[in-house]
Structures are given as C-alpha cells and as structure tokens.
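A.B. asks: Chains as they are written, first to last, in our numbering: chain A, 1 to 189; chain B, 1001 to 1562; chain C, 2001 to 2080.
Hints are supplied without guarantee of correctness; some may be wrong.
[As the list claims (entries may be wrong)] Ranges of calculated distance between the beta carbons of each label pair, as one might list FRET restraints:
(1) Ser1082/B x Tyr2044/C: 54 to 60 Å
(2) Arg52/A x His1147/B: 53 to 59 Å
(3) Ser1485/B x Leu29/A: 56 to 62 Å
(4) Val1306/B x Met2061/C: 31 to 37 Å
(5) Gly53/A x Met1158/B: 48 to 54 Å
No wet-lab data here; the hints were simulated from the structure.
No residue lacks a Cβ here, since even glycine has one placed at the ideal position from N, Cα and C.
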Amino acid sequence: MALTTGFPLLDSLISEDKIVEFYSLDRELLTLFYHRVIAVSSPVQVVLVGERGGLDPNMVERFQRIYGVTGEIRVRRAFKVEDVSQVLKVVRGEAVIVDPYQHRKCYSNIVKYLRLDGSRKYIFSFMDREREGSLFGAHSAGSILKLSRTKGGFKVEIIKSVTLGRLEIPFATWEIFGRSESGLIRWII
Amino acid sequence: MEGYVVDILPGAGSATLILNGFKTVEVKTTFPIYIETRDPDRVAQHPDVVYYEGEQWRYLDGREVTLHRFELRDLRAYYHLSKRYRVLNELPTVLSQTLFRLGALPFRKVSIRRGEVEIVKDELDLSELSIASVVTEDWFGPSPTGHKFRANLNGREMTGDLDDLSLRADVAECMGRACHKIRASVKLNMEEKRAPVSVKGLIEWSYVSRTPVRELMRATIGKALTTNEAWVAFKRRVIIPDVVPRVEKERNLEQLRSVDKGGLVLFPKLGCFNDVVQVDFSSLYPSIIIKYNISAETVDACHDVVTEIGHDLCYKEKGIVPEALEWLVNRKEYLKSVDPERAEAVKWILVASFGYLGYRNSKFGKIEAYELVTHFARKTLRNALEIASERGLEVIHGIVDSLMVKGRDVDDFVREVQERTGFKLKAEPMSWVVLTSRRDGNPYPMRYFGRTSDGVKMKGVIRDNMPNLVKDFLEDLRKLMSSASDCEELMTLRAEVMRLLRGYLERVVSGEPRDYVVWVKGIPYVRGVRGFYDARNGFLGRDLEYYRQYLSRTVRVVYPWL
Amino acid sequence: MGRTQPSFTASVDSEMEKLSRIANRVGLPCLRQAVTEASKRVRYFQNASYDEMMSPQELVMLALISAVAEGFCSDGGVRS
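Bound-form chain A, shown alone (with noise of 0.2 Å):
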C-alpha cells in the first residue's frame, strides 16, 4: 500500500514529490492527522524521533477499523539525535517519518538518508516551518504543507510546491474520522 493521506485531493497535489512534509504548531492536531495517514497507507514503515511519545497504537487501529485497512504497521524508534541517521539509513521504501528535526542538529545527515534511496517519505514536523524554514531540509523537500484549526475543521495550505503556488484547502471536523454511518457499523460488526 502507498503513502496516502487519505484525502483524494490532497494526494492528487503532492502526487509528484518523494519528500513531503505536513507541519503544524497544533500538536494535538498533527497528531491525530498522522495517526490516520498511518492508519490508511498501511501497510506501511513508521519512524518515530524522540525520547518519548509519539504513537497511540489504539487510536491507529481505530483508525483503522474506521477505513477498513488492516496492513501491517511497523515501526522504528530513534530516541536521540545520533540515532535518527542511522535509523534512516537501514528503512527502504516509503515511510512516515514524525519529527525528525526536533533534535534541530545533523540535519544535513538526516535529510541525505531520507532521500537516500529515492523512495517517498511523509515527514510531520511539529515546528514553524515558516520560521525555521530555511534551516532544516526544506529546499529538499517537494512540498511543504502547514496544518491549522479553524473553527469547525482544520485547512491545509500548501505553502511550498514545485508545481503550485500557495493554496488552502478547508475540512470539517468529521472528516478526519471518515463518515461516521460507516464509522459505527464497523465498530459493531
């Protein structure tokens, strides 16, 4: 299964680009996102930076059960900033990677090894990339999207793309939980 967000539009724009990053100053926001896009491309490799925290290996499979998946989820920890490399050099193929700058040091080895075999990434960042921008792989990255709440949902706004100029896409809360008929028959069946 592919790297997916599991929204058809947003994966038509980023299509094209092996390095993706999501950010987001709402940690609770990112997160929930991530867990669904886990949810949905798997099977699927996930790298998980720092000392704690994380993943919610529940909330993945309600997500899960939600959509209907049931691929393999495999993960990889990398607690300190020595390990982040060294993880990434050994994960081939596509793979979510949360947090891998949060270290904000060897970014120049961690962004070679994420590109190292050419194969798709997803990166979520929790981090303003707008501030940080210049400093930590962005120019490898093919698209850069920012993820924020608005009231009754949450936009994406695609705020670095190498084939489109900055856009904003609104969703509803509910849509991060799917369509909740079909979310409760499965939960019950």
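Based on the hints, put chains B and C in the right spot on chain A.
C.D. replies: Okay, now just chains B and C, sitting in the frame of chain A:
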C-alpha cells in the same frame, strides 16, 4: 606514610595524594588518555605527551581495534587533545584511572614508601576519617546566606552563630559562608551538589566507583553508576564509548503494545484492612538483570533463551551490567548491618541502573534490554498474584515489585513464590493498613499507610512541598495512629484526631514563621494574603485560610472516616 | 507507563470521560447512572485484565455492560 586516600590533585608530571588528617604526599605519575587515531605520531607531537603505546581493545559488538594510550605530563593537555581527537575511555575519569594505576583507590587505606603506593586496607572504615556536614540557616530553614549554622561532625550535632563556627574535617559538605569558616581537605559545596545523597553517601559512591568524591558531586547519579559499569568494561579491554548511536529492532503495533510498558500496578481496594502482610521482592530489577544476564551486548547476541517478547537472552559471556550490579547487590546487603546510610546510597545506584538501561545516552544499555527487564518484572509479579490466588489469599494491593496480602499461611506463600520465581522476598506484617482514594474517588496506588512493628509507615502521604506545619501535623498524626492495634481501634481515635487537628488549626494563627514555609524546587515560599511570596525576602505574614484548608484537606485524605 | 504509547490508565480515563460527556448530552437518567457506576468500577476491570491485551474501549464497554447487567438504575428504568 599511611592514610586513607581522600583526594588527588594533578600536577606537572606528578600528583599530590591527599590523605586523611591533612597529610599529603607527592608521587610521580603521568595521566593516560585513549585516542583512536591512525596517526599517533602526530598526536605525540604535543609537548605534554611523554610517550604512547598501542593496545588491543574491542568494541561492545566484538570488533577488535588498536587504541593508543598517550601518557600526558599535564592534565591540561587532556582538554586540549580531546577537542582535536576522538577520545575514548573517558570513564572511568582520567584521575580515577591514574589512581588505579598508582594503586591508590579513593577511600582505601594506603602506605606510601619511596614513591611506591600500596593498599593496606581495602575496606572503608569511616571511623578513621572525620566527616562533616554544615548547613547555614535562616528563619525559614537552610539558606546559603543564613547567619546560624547546624553542623554534624562524625555524628555529633552542633548549632550556633556562623561567626563562632570553626571545625576541621577530611571531607565536609557545606553551604554559603560556612564553607569559608571550616577547614577540610575536600569541601563539597551543597549549592553545586546535584547528587541526591548525603556526604557519607557520596563517600560510598566514591569508594564504589573508584572516583574522587569531588568529581561525583556535581554529576548526577549517572556518573557513579556508569563508572561502576565502565570499570568492568575497562578490565575486559572493552571500549567505553562516548556516544552510542542505536538502531532498535523493528516492531509491529502488537509487539510495541506488549513491550512498551512499565511495572505492573494494580488499583487497590479502598478502606482499612487488618492483619495484612506486605511482601516485597528484594532488589527485583537488579536481580532480574543479573539472573537473565541482561546487558546491551548480551541481548540478542545469541539465542540461549528465546523470550515471548522477541528479544533473546545469551549466557555465553557475563554481561557488563550484570557483573557491575552483582557486586553492588552484595555490597548493599553487607552494608545494611554496618551503615544503613551507605547501604541506602548503594541502593540508589541499583535503582537507577535499571532506568539507565533504557536511557538514550546509556553506554551499556539499550531499549531491548530495558524491555526485557520490565517484561520479567511484570511476569514475576503476575506469578506471585497467581500463587496468592491458588492459596486463597486476598490481594489487597500490588505495585511493581511488592504485594499486600491477607490470609493464612503467608510464610508458605512467600516460600512458594521464592521457589517458583527464583527471586528473594521480604515479608513485613502490618497490624492494619489503610488505602485511600484520590479526591475524585478513584483508588490511588501510590498512597497507603499501615502499622508495622516499627510504628506507622506512610507512603505517598508526606510530600516535600508541604508546609512545615502540615508535615509536623502528619508526624503527630502518625504517632497517634500507631497506638491503634487494628482498624476498629483506628476508627475510635476519631475524637483524638479532631483534637490534634484543632490544636494545629490554632497553631495556624499563632505559629512560628517557619511553620508556614513551603519548599518548591529548592526555594522557600510562604502563602500570604496576596498569594505566594519568596521567604528569602523576609516573613511578611500568612494567609490563614490557605493553611487551615490545607490541614483540613490533609486530615480528610488520611482519615477518611472524618 | 510506556515510553512511546500513552499510559493505559490515561487512555481508559479519556474513553470514560467521552462516554460521560455524551451520556450527559443525551440526558437519559438511567444511562447517566450506568456510566457513573461504570467509572467507579473501571479500575477493577483494569486490575482483572492485567495480563490480557485489552483496548481501553473494550475495558470501558465491559465496565458499562456490568453496570447495566446489574440493573443499575433507580429512576424507573427496566431492572433485570
């Protein structure tokens, strides 16, 4: 000359050994630095390099390598060289390694004749040393700017005005101006101290890790713990690395779910229970590490035992961490009857050693090792719970490495658990135990109090950040409760508890300024009518209502029948 | 307490709170009582499931079912 090695001061081509009783002796020595380099001659061009030698060492994964050991005339060259080259084996510290080579380990008794050092007594006998602890105090408690002092010199307590302070000791921990008023071979400034143990504890750490006590004071427990492990590696010529980048095994969600857990914690039944026995596993985590030979380099090195969680145990070679911990476990047991304070200091290291296995900067640990330990700990406690159930015992509470059970033949239960799990237990009978809830009514696993043969034991009740007044109240409450021999009697104490509370409520109005002090992160505060203020600015009144409510809340938590 | 995944107790509490919120919004008294009772019991279900692989949702549902099964309602609802 003879004496205990208390400190070492590096010089040019020599070191001064500081012995107890203010004796000093200079010995000739150089200082070793290990560098991984293909061009040792280049390194040797530094004017302070006296000579160098190649040595065969190996990495933790078994790879052999030639390391060069450069002998330096001056320790300052160490810092210079470490900026330019890849230095390894930085633990044990260079001063520790120097002392080791000289045959002069910290806190061993040595004899020095014609520049040659020999250990004449390996065991640490504190009676031959003078050890002091001096704290300066202000009205609110310990303070570096206080004008009064409270000192302990070899167990003798002294108090007085700072201007009158004068004492001599081999090792002294001190605070503020007191540090200028005492004479000591080693002065440990408490304001810089990060280690969570007393001066005696630090001396024990120094003894155990063979590191000068000055070098341990500013470090966290990690340094003492890692150095202890590093000595094992050093002996085996295994390189002690600086940073170890790790790639953990890939896991799926199910696997992650089942291993990414801490200890088993049950939610206790609420209320008071008579005739309970608290059964504790002795040093469970270190014992697991030792029994299953768990260390970064042994886990998955071979497949002697395949475990349920996907990591395998290997018994071909004794792991560095198990070997380092085994001697500490034995030492702790031995010290219990000799000096409980030092036994406690060793216990700290043992407790931290498990956490270090999973710490990202750990030199000899890795996450798989950590997961194996928590897995076996949970399994062991589950086994104990099953055996309790088989024997018809009621389990009141269970938390990580300890159980509270009620019923008959608890001794047989303890014996059976020891036999079937292979781990030692201690059983402590309690005439009664009270398990309380949080404010929302939910059971609170970390808080209980019960009566043992030594009086009432309270866990999770007295917190450091409580006002002094409340701490005193809880102390008095504890003494009051120890007069009850069962739950029924405990409940009849209600009237006396209320009397005690009333006394303290009055004290809120007319108490000493010190009563109102609350310590939060090392700073003393008092709650005034306009909120909390820094007590170091002086006593500026108190908010009666706040302290009254605090007392009332506390008594409701501890005495829920009120 | 895990390093990566959230604490099981926190997840259970979060599920329980969600159920409470919805029960309160719906406003059926029996359901509210059953949910309240379930939240008192859920800790003991946690204890009992210590060596099983149960999700927080399963646990909360089980606690709720146990409250309903014992006819936990005093407001004229159906009692078993």
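A.B. asks: Which earlier hints can't be squared with this structure?
C.D. replies: 2
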